[in-house]
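*Asks:* With the hints as a guide, bring both chains together as one complex.
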Amino acid sequence: MKLPDAIERILLDEETIAAQVCELAAQISADYADADDLVLVGVLKGAFIFMADLARHLTVPHRVDFIALSSYNRNTVSTGAVRLIMDTRASITGRHVLVIEDIVDTGYTLEYLLRTFHARQPASLRACALLSKPERHQIEVSVDYLGFEIPDVWVVGYGLDYADRFRTLPYIAALKREVYE
Amino acid sequence: MGLRDDVDKILIPEQELQARVAELGQAINTTYTDADRPLLVCVLKGAFMFLADLTRHLEIRHEVDFMEISSYGAGTVSSGVVRILLDLEQNIERRHVLIVEDIIDSGRTLDYITRNLETRRPASLRVCTLLSKPARREIDVPLDFVGFEIPDEFVMGYGLDFAEEYRNLPFIGVLKEEVYQAATNHTSPRAPSASAGGRRSRG
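Top line first, the protein sequences correspond to chains A and B. Note that our numbering numbers the first sequence so that position 58 is 58, with each residue one more than the last. Just so we're on the same page, our numbering is the position in the second sequence counted from 1, plus 181.
Bound-form chain B, shown alone (with noise of 0.2 Å):
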């Protein structure tokens, strides 16, 4: 498969994540009540995966719901600003909110998104990420529920992108560093890919 020939190594295999995954849902299980009826705000697109098989595992009543977020650009990178493409269907006032990301990389987008839903007045708010890499944080926000912590590699798959490919490889992996090199200018893994959009710039 052409895909599976940019990986460089295979961070984490789909047995180990699809474990994790499992172990996420009973802890959200033992977290919340049915009366709780907590509302799962996916963050799309790179959560979509990651939400379809958390949800398999919850045993507790509940509900789910959609955001879609876009950057306004680099200068609004250090604000964590973004522009909401798709708001919540729901109002979440006096809701229980468990926000589901499928990576944390600076942190500054998932604060904005945090301070913007609390300005909603949530019952609570929690946050439950696939991946966590602590290594590139500049701004301290609280994760409830965290998959991995993983270095500061450029991974794709499991709803990861690089240049919109990639996101439906089963497992967490590597990319080749000479297909990153080849689609940008830059030298750094950190580079934002032109095409990437989302989750490069995103926190």
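Only chain A is shown next, with the shape it has when bound in the complex (with noise of 0.2 Å):
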């Protein structure tokens, strides 16, 4: 398999990527077994894939919803604050919220959501995370069902992106240094 030139290598194949998905969405199913309106929330557009992949092993009824963020500007990284550029289709309230994330790198963002939804009364919420950067973490977020630790470089694949692109590849890869130095 010939790599794109910006790629430096690949940190989780595609088969390690199906295997941990399996083995999350089989945790999940055991954990919401008995729960009636389960609501997997797919924060775009870096989750889309995972999501895709997570909810088709799945053996719990749920429905699927998504969100759309966008960042304020830098003045509010501190509190994670984001725009909800489209927020869920139907309402939370009551139900069981999972939300699904491609990656936590600070925290904040998912803390903030996970603020603003436990706002909104669900019977219960989590947070399912691809992945996760804990040296890049500034605030503590719970999460309860986490694929991979990985370092702090800049990944891109199965959903996440640089500027775009690599948004697509069945991998996740580090991306070479001077690329987005």
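You can trust all of the hints, since none of them are fake.
Selected chain B positions facing chain A (in silico; Cβ < 10 Å): (1) L220; (2) L221; (3) A233; (4) T236; (5) R242; (6) H243; (7) E244; (8) L267; (9) Q271; (10) G340; (11) E345; (12) E346; (13) R348.
These are computed hints drawn from the structure, not numbers from a lab. Built from N, CA and C at the ideal position, the CB exists for glycine as well.
*Replies:* Shown next as structure tokens:
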């Protein structure tokens, strides 16, 4: 397989990702076996591939919904405040909500999102992320289902992009430093 | 698995579906070049699973963007005009745009989306749909890539829902009549379900 020039190395190959997604789906299916009204809320754009693969392996009935976010500017970074460009289609009040993220970096965005959703009084609220960069965390945020911890490098593929490029690579790869620095 | 008990029959099994998605990917690879850098526009929610699998087979440089739409109500059905809940992040002027849809039914919504995007002056505009129901067509819309032509049955799975469920089934199935009859007062398989919102009223 020929890697794009901008790619330094593959961190997680297709088989490794697929096996872990399967594993996460099994845990989630077990944990929500008795839960009525589970809704997966995928955060666009990054989570769409993870969501498509995770949902297929769930054995519990569920709905899917999507939200789209945009950051305000640098001044709001520390509060994590983001603009909801598109909110969930259906109300989450009284439902079991599982937020699906591609990656947890500083944690601010996810923490803000969970606070926002919590105010809507869901029956339960948890987070599932494919990737987490512990070295980058600035705030404690609980990720209930985590695929992989990765080092602090710029990763692309499986939903993650660099300036909208490399998003649909079937593996997760580290970008060469000279590309993003 | 409970959801599968509601399936009357499997119309397109997983393997056949995946093989066809790969073929569509190859067709797209030969239609565009890296320099074209087509923007794949996924119409949510139905098409997200198809998009995820389709893009795995793309070898040409491309980007993805999303639109989510909702119908205004019965009065606007014939015009196909829908409310855009989430518009494209990207400006598509002079871009090659490929709309990715799960299913084309009456064609009216697609016709409207196509007209809407045309006003933004893309370099080209094509349509890729996984499924098409020719028997239901009310307006002629050109489809460039079609996965399967299917009969006018109540299908779900692989992104398509009934009342928001069944989207995650890995195949395309036909829902048991008693399931959708129980959920609606109507008797025709065309009957929109109140909560399906998007898809039944979509084109």
